[in-house]
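Asker: Below are the chains, spelled out letter by letter.
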Amino acid sequence: MSTYAKSLTSAHKAFLADLFPGDDLILSPEGMAAFSTDASLERAMPWAVVRPDGREQIEELLRWAHAERMPVYARARGTGRVGNAVPVFGGVVVSMLKMDSVLAVDENDFVAVTQPGVITSDLQAACAAKGLYYPPDPASVKISSIGGNVSTCAGGLKAVKYGVTRDWVLGLEAVLPGGRVLQCGGRSHKDVVGLDLVRLFVGANGKLGLLTEIIVKLIPMPETSASVLVGFGDLHSSLAGANAVFQAGVLPAACEFMDKVTLQAVRQGGETIPLADSAEAALLFKVDGTEEGVAAEVRQIVKALEPLKPVSVETGRGDEEEAIWTIRRGISPAAFRIKPNKVAEDISVPRSKVAEAVDSAHEIGRKHGLTVLCFGHLGDGNIHVNIMHDAAISSEVEAAHKAKDEVFRLAVALGGTISGEHGTGLTKASFVSEQLSQEEIDTMVSIKQVFDPHSIMNPGKGW
Amino acid sequence: MCGKCISVCPLINATNREELGPRAKADLCRLLEDDESLLAGEDVAKLAGLCLGCHRCKSVCSQGVDVPGLVATLRAAHPDFKGWLWKTWLTNAKQLWSASSTAAKLIPKQFQPEKLGPFLKMLAGLKGGPGLEPFLTAETFSDTYRGEKMLLFAGCTATHVQGRWLMTALRLLDGLGVEVLPGKFQCCGGGLKSAGFADEAGQLAQENIDVWREAGRPKIVTFCESCLSGLSGYEAFLDDLKEIELWKNSLTPLSNLLQNTSFMVSDNVPENIGYHRPCHVDEVDSDYVFLKNALGEHLTVATEKECCGFGGVMRLGAPGLADEVNLQCWDALSGADMVVSGCSACVAQLSSTHPEGRQVGHWLELIL
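Residue numbers (our numbering), protein chains in the order written: chain C, 1 to 463; chain P, 464 to 831.
Bear in mind the hints are in silico, worked out from the structure with no lab data behind them.
Just so you know, these numbers come straight off a predicted model, no measurement behind them.
Glycine included, each C-beta is placed from N, C-alpha and C at the ideal position.
Hints may contain errors.
Here are some chain P residues pointing at chain C (derived, C-beta under 8 angstroms) [stated by the list, open to error]:
1) ILE469
2) SER470
3) ASP490
4) LEU491
5) LEU494
6) SER525
Label-pair distances were calculated between CB atoms; the ranges are [stated by the list, open to error]:
7) LEU41(C) <-> GLN722(P): 27 to 35 angstroms
8) GLY22(C) <-> THR603(P): 55 to 63 angstroms
9) SER7(C) <-> ALA699(P): 23 to 31 angstroms
10) LYS309(C) <-> GLY527(P): 50 to 58 angstroms
11) ASP730(P) <-> GLY318(C): 53 to 61 angstroms
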């Protein structure tokens with residue numbers, strides 16, 4: 001166990017003030033408060049916040065932090081849901097927002113080189129301007145940064161076809177504790193020389209070093225897309241429907257599902273959604289590619305679903321496609337019509353176990369007297385389980401947390417994971433050992449020690 | 464706390480300083496609820512000043528958190544000279560905005576420290592004058608609204624300074640066959656409300672609602688997005704949900720009425736015209752749709768998420784930060800010989816900050 005610095009001494013402050021002049025160092029409580037929390041609502045105050053605008057400053061910072069045993073917490077836009085950006089041991093929060101340039105979009109190499117603070121949708125827009133496509137699209141794509149996406153291995157709607165962030169990172173540059181600079185991978189789309197250090201950093205949650213540059217793979221922008229919203233009379237028909245589509249040989253870009261309670265919540269919002277009133281579950285497919293390919297895949301999907309007797313089928317292109325996706329985008333605000341607070345978990349199970357997972361999650365909710373919404377990325381078996389409650393009623397908070405524990409155990413028992421996207425951070429840290437074996441954890445600890453011998457990088461979090 | 468607001472905040476986009484953003488302010492307000500004694504602190508007053516009041520954060524929040532509203536409440540709790548000056552400016556518009564020349568001269572000398580320079584320059588920008596050289600002529604007016612009775616909410620700037628905006632608006636309504644009802648509206652109160660003067664703003668709201676009721680609750684035509692936003696925030700002063708709906712439905716941008724009216728473009732049209740989208744615009748920007756239809760290929764550049772940096776009280780409290788926001792806006796408008804907008808505050812701010820050789824005005828000035 002490392003012995004960390006206990007506070008920021010005047011010498012520490014002088015060092016930071018020299019390295020980060022003016023507004024780029026924050027020491028006042030009201031200024032630092034913004035950096036004490038993230039979308040998880042967990043909170044801990046840092047001792048200082050710094051804003052580097054280049055690698056050299058970060059090298060100096062980590063040389064100092066390594067020597068001083070100073071906890072270091074990387075932060076981009078604080079959209080993470082599990083508290084990975086929360087500085088539980090105090091220390092220094094490093095805000096990466098100033099490193100926000102797209103350095104290159106190369107239409108010959110099919111790569112983009114970017115700094116970590118770029119908003120992912122801005123990176124996508126820069127690529128799209130050259131007819132290129134960076135597919136990973138976490139729900140936060142317009143508000144989160146590529147550095148955060150890489151650090152958390154962000155998933156998203158289109159992971160079923162395109163994979164997650166890990167599948168798109170070709171290379172990166174990171175500064176390690178002690179100030180060493182590690183450059184690994186590159187612009188080559190294939191590389192089998194040595195251990196895959198690039199992938200080690202993707203999803204490492206800032207526990208190995210600070211990312212300063214990222215190289216991602218690009219593909220040509222799909223010509224067009226279409227979406228199909230299908231209503232079913234019951235949950236099991238919808239899950240069988242997803243299976244039928246895959247069995248028919250279609251790999252959709254997205255395959256989302258929504259359960260009865262989710263649909264009820266969205267309908268209460270009064271928005272017109274192109275779905276039959278009798279639908280108690282829905283599937284939302286997106287396909288992309290060439291005009292001909294998309295048209296054929298839409299036909300295949302509709303045909304594959306016929307035997308399951310869907311209660312409504314709505315196909316959309318262009319503006320109509322946007323209208324279809326209103327239902328999916330409406331879920332998050334709609335959930336709060338049920339109860340003012342939610343425990344939002346994102347378990348992932350093998351695709352064949354989704355029906356059992358959803359049924360059991362609902363049963364767990366019933367047992368604890370709480371409403372549970374299930375929706376999400378059916379194609380990956382990644383289910384968002386929202387346990388709705390009122391935080392002002394202590395018995396409901398207690399019940400919600402008990403339900404959460406049971407949902408985690410359910411996921412592991414089904415051969416799945418406690419988190420397909422959000423990570424473990426603070427909120428799920430205590431459950432990591434129920435999923436990972438001691439051997440796995442010991443190996444991870446050993447690997448981390450190579451990069452960060454004093455464990456100053458994002459300490460106090462789960463794996 | 465999801466962070467959606469961070470990506471739309473012009474202040475963060477210009478500075479990359481998360482502590483200046485909406486989530487930080489909402490979070491601080493929550494922390495302060497636990498300890499009211501902190502409310503007296505100088506730091507809170509400082510925080511209260513650092514919001515442009517653009518409402519972009521409010522419009523994207525899944526949980527409907529109104530950060531500009533929270534900031535206005537803080538400002539109300541901590542009036543200081545900046546707020547006083549703002550109030551003075553707004554409540555004495557007619558005296559300050561003398562159509563003859565610079566309004567800045569009318570600000571009392573003790574309120575002219577160096578850092579207020581840019582703000583005073585903006586005041587100076589708010590003067591009458593020849594404006595842009597028009598090049599759009601209405602050819603065929605739409606018949607959709609012919610014979611309908613409507614009220615015209617001209618707003619402070621058009622009423623007191625830019626009389627030509629008002630005259631053009633009246634001419635267009637006449638062409639559409641709209642019967643403009645008499646009605647003596649007051650200021651919308653939006654600026655006062657965000658500066659922390661809720662009581663004064665409420666009084667104005669009440670008077671404006673009475674004008675509407677007396678006229679038989681007709682459509683109210685506006686041509687300033689700030690005014691429209693101010694008027695949209697009157698829920699608390701209306702009788703019930705039914706009247707709130709009637710009120711909201713009555714608020715009609717002038718550009719919306721002009722969607723099916725065709726315009727002819729004269730030869731003196733500049734090659735590159737820019738459009739600045741005001742922060743207060745909702746998802747559908749009827750000014751942009753109208754201008755794109757009327758100007759076609761001449762409209763070559765438009766802002767999307769950049770704020771002009773007007774910023775109300777913030778302009779007084781932290782002019783340097785507002786300038787950074789403004790610079791980013793001009794950067795997005797580079798290439799435009801002429802920039803138009805549909806908000807009096809944006810037009811004032813851009814008029815007083817435009818780079819050499821650019822012209823700025825309300826889009827009404829383009830119409831003969």
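Asker: Holds or violated: 53 to 61 angstroms for the Cβ distance of ASP730(P) and GLY318(C)?
Answerer: 37 angstroms, violated
Asker: Given a hint of 23 to 31 angstroms, does the C-beta separation of SER7(C) and ALA699(P) actually sit inside it?
Answerer: About 47 angstroms separates the Cβ atoms of SER7(C) and ALA699(P), which means 23 to 31 angstroms is violated.
Asker: Would you check whether SER525(P) satisfies its interface hint, that is, whether its CB is within less than 8 angstroms of any CB in chain C?
Answerer: 4 angstroms, holds
Asker: With a cut-off of 8 angstroms on the beta carbons, see whether LEU494(P) makes it to chain C.
Answerer: 6 angstroms, holds
Asker: Do the numbers back the hint for LEU491(P), that is, is its least Cβ distance to chain C under 8 angstroms?
Answerer: Holds, about 6 angstroms.
Asker: Using 8 angstroms as the Cβ threshold, decide whether ASP490(P) counts as touching chain C.
Answerer: Where the cut-off is 8 angstroms and the nearest Cβ of chain C is about 6 angstroms from ASP490(P), the hint holds.
Asker: LYS309(C) and GLY527(P), beta-carbon distance inside 50 to 58 angstroms?
Answerer: 39 angstroms Cβ-Cβ, so the 50 to 58 angstroms window is violated.
Asker: Checking hints one by one. Is SER470(P) an interface residue toward chain C, by the C-beta closer than 8 angstroms rule?
Answerer: Since chain C brings a Cβ to about 4 angstroms from SER470(P), closer than 8 angstroms, the hint holds.
Asker: Evaluate the given range 27 to 35 angstroms for the C-beta pair formed by LEU41(C) and GLN722(P).
Answerer: At roughly 45 angstroms between Cβ atoms, GLN722(P) and LEU41(C) fall outside 27 to 35 angstroms, so the hint is violated.
Asker: Between GLY22(C) and THR603(P), is the Cβ distance one that fits in 55 to 63 angstroms?
Answerer: 58 angstroms, holds
Asker: Are ILE469(P) and chain C close enough, Cβ to Cβ, to be under 8 angstroms, as the hint says?
Answerer: Where the cut-off is 8 angstroms and the nearest Cβ of chain C is about 5 angstroms from ILE469(P), the hint holds.
Against the hints set out earlier in the document, violations occur for numbers 7, 9, 10 and 11.
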